[in-house]
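**Q** Top to bottom, those sequences are chains A and B. Per the working numbering, the very first residue in the first sequence carries number 1; after that it's consecutive. Per the working numbering, the very first residue in the second sequence carries number 1; after that it's consecutive.
Hints listed in this document are in silico derivations from the structure and should not be mistaken for laboratory results. Quick reminder that beta carbons are idealized off the backbone N, C-alpha and C, glycines included. Misleading hints may appear alongside valid ones.
[As the list claims (entries may be wrong)] For lysine to any residue, the following SDA-like pairs were computed, each having C-alpha atoms within a straight-line distance of at most 25 Å:
| no. | chain 1 | residue 1 | chain 2 | residue 2 |
| --- | --- | --- | --- | --- |
| 1 | B | Lys-114 | A | Leu-330 |
| 2 | B | Lys-259 | B | Gln-234 |
| 3 | B | Lys-218 | B | Ile-147 |
| 4 | A | Lys-287 | B | Lys-218 |
| 5 | B | Lys-208 | B | Lys-114 |
| 6 | B | Lys-400 | A | Trp-62 |
[As the list claims (entries may be wrong)] Here chain A is said to cover these stretches of chain B; the calculated rule only asks that three of the stretch's residues, wherever they fall, bring their Cβ under 8 Å from a Cβ of chain A:
| no. | region |
| --- | --- |
| 7 | 66-78 |
| 8 | 185-194 |
| 9 | 264-272 |
| 10 | 383-390 |
| 11 | 416-423 |
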Amino acid sequence: MDPLNALVVLANFVIVPAVAYGSQLALGALGVTLLFAVLRFANMAHGDTMAFGTMVTIFATWGLQAAGVSIAPLPTALLALPVGIAVTAALLYATDHMVYRFYRRHKVPSVILLIVSTGVMFVMNGLVRFLIGPGDQRFADGARFLITAREFETMTGLDEGLAIRSTQALTVVVAVVVVAWLFWFLNHTRTGKSMRAFSDNEDLALLSGINPERVVAVTWILVGALATIAGVLYGLDKSFMPFTYFQLLLPIFAAAIVGGLGSPVGAIAGGFVVAFSEVGVTYAFRKVADYLLPGNLEPPGLMQILATDYKFAVSFVILVIVLLFRPTGLFGGRAT
Amino acid sequence: MTPALRGFALFGLVAVLLLGTGLLQGWNSALVILNMGLISALMALGLNLQWGFAGIFNVGVMGFVALGGLAVVIVSMPPVTVAWSAGGWRILLALAVGAATIIAAILLWRRMAKGRRRGLAVFALLLVGLSLYRALFDPARDAVEAIDPALAGYLGGLGLPVLLAWPAGGLLAAGAAWLIGKTALGLRADYLAIATLGISEIVIAVLKNEDWLSRGVKNVVGLPRPVPYEVDLQADPGFAAAAADLGLDPVTASTLAVKAEYGLLFAAVLVVVLVLAQLALRSPWGRMMRAIRDNETAASAMGKDVKRRHLQIFVLGSAVCGIAGAMMTTLDGQLVPAAYQPLRYTFLIWVMVIVGGSGNNFGSVLGGMLIWFLWVEVEPLGHWLLGIVTAPLPDGNALKMHLLGSAAHMRLLTMGIVLLVVLRFSPRGLLPER
Numbered sequence: 001m002d003p004l005n006a007l008v009v010l011a012n013f014v015i016v017p018a019v020a021y022g023s024q025l026a027l028g029a030l031g032v033t034l035l036f037a038v039l040r041f042a043n044m045a046h047g048d049t050m051a052f053g054t055m056v057t058i059f060a061t062w063g064l065q066a067a068g069v070s071i072a073p074l075p076t077a078l079l080a081l082p083v084g085i086a087v088t089a090a091l092l093y094a095t096d097h098m099v100y101r102f103y104r105r106h107k108v109p110s111v112i113l114l115i116v117s118t119g120v121m122f123v124m125n126g127l128v129r130f131l132i133g134p135g136d137q138r139f140a141d142g143a144r145f146l147i148t149a150r151e152f153e154t155m156t157g158l159d160e161g162l163a164i165r166s167t168q169a170l171t172v173v174v175a176v177v178v179v180a181w182l183f184w185f186l187n188h189t190r191t192g193k194s195m196r197a198f199s200d201n202e203d204l205a206l207l208s209g210i211n212p213e214r215v216v217a218v219t220w221i222l223v224g225a226l227a228t229i230a231g232v233l234y235g236l237d238k239s240f241m242p243f244t245y246f247q248l249l250l251p252i253f254a255a256a257i258v259g260g261l262g263s264p265v266g267a268i269a270g271g272f273v274v275a276f277s278e279v280g281v282t283y284a285f286r287k288v289a290d291y292l293l294p295g296n297l298e299p300p301g302l303m304q305i306l307a308t309d310y311k312f313a314v315s316f317v318i319l320v321i322v323l324l325f326r327p328t329g330l331f332g333g334r335a336t
Numbered sequence: 001m002t003p004a005l006r007g008f009a010l011f012g013l014v015a016v017l018l019l020g021t022g023l024l025q026g027w028n029s030a031l032v033i034l035n036m037g038l039i040s041a042l043m044a045l046g047l048n049l050q051w052g053f054a055g056i057f058n059v060g061v062m063g064f065v066a067l068g069g070l071a072v073v074i075v076s077m078p079p080v081t082v083a084w085s086a087g088g089w090r091i092l093l094a095l096a097v098g099a100a101t102i103i104a105a106i107l108l109w110r111r112m113a114k115g116r117r118r119g120l121a122v123f124a125l126l127l128v129g130l131s132l133y134r135a136l137f138d139p140a141r142d143a144v145e146a147i148d149p150a151l152a153g154y155l156g157g158l159g160l161p162v163l164l165a166w167p168a169g170g171l172l173a174a175g176a177a178w179l180i181g182k183t184a185l186g187l188r189a190d191y192l193a194i195a196t197l198g199i200s201e202i203v204i205a206v207l208k209n210e211d212w213l214s215r216g217v218k219n220v221v222g223l224p225r226p227v228p229y230e231v232d233l234q235a236d237p238g239f240a241a242a243a244a245d246l247g248l249d250p251v252t253a254s255t256l257a258v259k260a261e262y263g264l265l266f267a268a269v270l271v272v273v274l275v276l277a278q279l280a281l282r283s284p285w286g287r288m289m290r291a292i293r294d295n296e297t298a299a300s301a302m303g304k305d306v307k308r309r310h311l312q313i314f315v316l317g318s319a320v321c322g323i324a325g326a327m328m329t330t331l332d333g334q335l336v337p338a339a340y341q342p343l344r345y346t347f348l349i350w351v352m353v354i355v356g357g358s359g360n361n362f363g364s365v366l367g368g369m370l371i372w373f374l375w376v377e378v379e380p381l382g383h384w385l386l387g388i389v390t391a392p393l394p395d396g397n398a399l400k401m402h403l404l405g406s407a408a409h410m411r412l413l414t415m416g417i418v419l420l421v422v423l424r425f426s427p428r429g430l431l432p433e434r
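Could you build all of it, start to finish, from the sequences and the hints given here?
**A** Here it is in structure tokens:
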């Protein structure tokens, strides 16, 4: 029995990665849920919006690196992030003008907007692959670790090490700052309040003189910023590949739906629910059990519930369970 | 222009495009595009049943297509007898135990009174069932996968004629669709979309990882063919003489003949499904489906069982996609799980249905052929276009290299633009529903 080492192993392989991944999913899901709250459709192009924002940030990062700019130990991409956000927000705003506005004026059912966003998804996906190519890009620089496994071992004298990568720490810090700012914005500024009013009751909001085009524009800018930040953090933590970002759509939507579409708090909670389930269900708990079981007992097998490749199944199963038992999500989202 | 004339004109356009391909790029290329176009048209018909007739937002087409492909392996490959004796039956037993556990859990959930005891009982049942399943399954799987992994390492199939795999693919997809429909239909469109997208990814994950079933990423190659091999045709003196009469050399003639035979088989299936779909659309059943699509509340007030009808048409449409998937794998002669991509096998089919005209069966067939033609031809066109654009740049210029190398990605961009333009300016498609 050695619960302390068991805890360290668990933290190293489950808790720390899941917290970082959960923060990335939460930021992604916030974008989906905000857009749903205001424009009332689920945006299939969100994964590719993340990819686009990340791509622009990568280009800006390369530019900065070539110019010799560095903010080590922090990654240069952090400095390039505003460029990515600005370009992505501009693209989304232009897309809204050229594509979505027409359908909004005609008050089409939300399922049509869903199909329209599929078209946008194709265009963005093609654009990203055309500009940066379909391959893998790593753009993380600066310090690799906040604390390495070896440092942790010498520091604490335990058998097991706990490594925290700087990108994981950065993800959590950035996510906390962004979420705090977003909630302050939604609850305390005039624009944020008008967004919430518009989302709660469109007709009433229009009657009180809220300019709908302005609300929509602000929403797209926020969505662009959230998508870019989420994408860049994910890319720093893992790596950037257009197809992976397309596939992120599934856990992000699962997170937004599990929390309740349209509910920002729900999106954050959903992100962590999905991330912890994905990591927990696909992790082999053998080592943890080794430390927890009395010395003479052997844990049977790897104690892994599902192979890592089935992580999509996890998002899906959570989604189905939540929808069967709480159809509006954990935090009571809205119905279309 | 009357709708019928419009249809003839557009189908004529497809024919002209294919003939042009034949004259410019060779008849082999034209037949390759035609064959895959016929299969795409069938997939589009399947999706049109679900979306056009009933308004079910299914973005899991890829999963049903892949299940059809799996059916080809299961039906037509010779069984690996050693693997069966090593653990095949045990795997089947384990799967039966797993299924029985889930059914028992559902029954228990329904029978017991609400409360904490019910939750605990169901949880305990699932835990015991899952442990039993893993205890039975894991050693059997390892035993099967250990047998000659370079060539076999899986159970093989039933060794039946490959044409039987087409209806079998439909049945397999229909079975899966029934299970999925039972749980997911009735959800809102956006929830259903993400649920079906998830299921299709799970199907692909299963094909990639369950080596005992489909050899996973090692792929199953050398699937039996329903048509003769080119070499056999070339060796046949009668065929060589016939080819010489047409002024073709035997090698070219044999490749053309094989592709044409596939084309005839596919066209036959397509015509049968199209006639059935058209009869269904015009029947009282089809009118009821469209009534449900247009106003669910009113239809259910009229006593129509909306849930049941939705399940019915979801299963039928998925079965058609499964048949098309089996045909495609037969044409390829191999099952490559890693080749299934949602953009190509789900969203492209959506583009076909929308561009063709949702709710119109002929529109789906047209959309399938036309969009498939575009999908194939955009790449050489993009290359040619970028070649002109970059002509002033010197050879070896980094930008020029990058642009020419990226020409292949023009197709996604083009498909998106085509979809957006059609949705904006002609939302009912090229051949609108009547």
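**Q** Run every hint past the structure and note whether it holds.
**A** Hints and how they fare:
1. Lys-114/B / Leu-330/A: Satisfied, since the Cα-Cα distance of roughly 20 Å is no more than 25 Å.
2. Lys-259/B / Gln-234/B: Given pair Lys-259/B, Gln-234/B holds - Cα atoms ~14 Å apart, limit 25 Å.
3. Lys-218/B / Ile-147/B: Answer holds: Lys-218/B to Ile-147/B is near 14 Å, not above 25 Å.
4. Lys-287/A / Lys-218/B: violated, 31 Å
5. Lys-208/B / Lys-114/B: violated, 40 Å
6. Lys-400/B / Trp-62/A: holds, 20 Å
7. 66-78: violated (count 0)
8. 185-194: holds (count 7)
9. 264-272: violated (count 0)
10. 383-390: violated (count 0)
11. 416-423: It holds: at least three residues are needed, and the region 416-423 of chain B offers 5 whose Cβ sits within less than 8 Å of chain A.
The structure does not agree with the numbered hints 4, 5, 7, 9, 10 stated previously, though it agrees with the rest.
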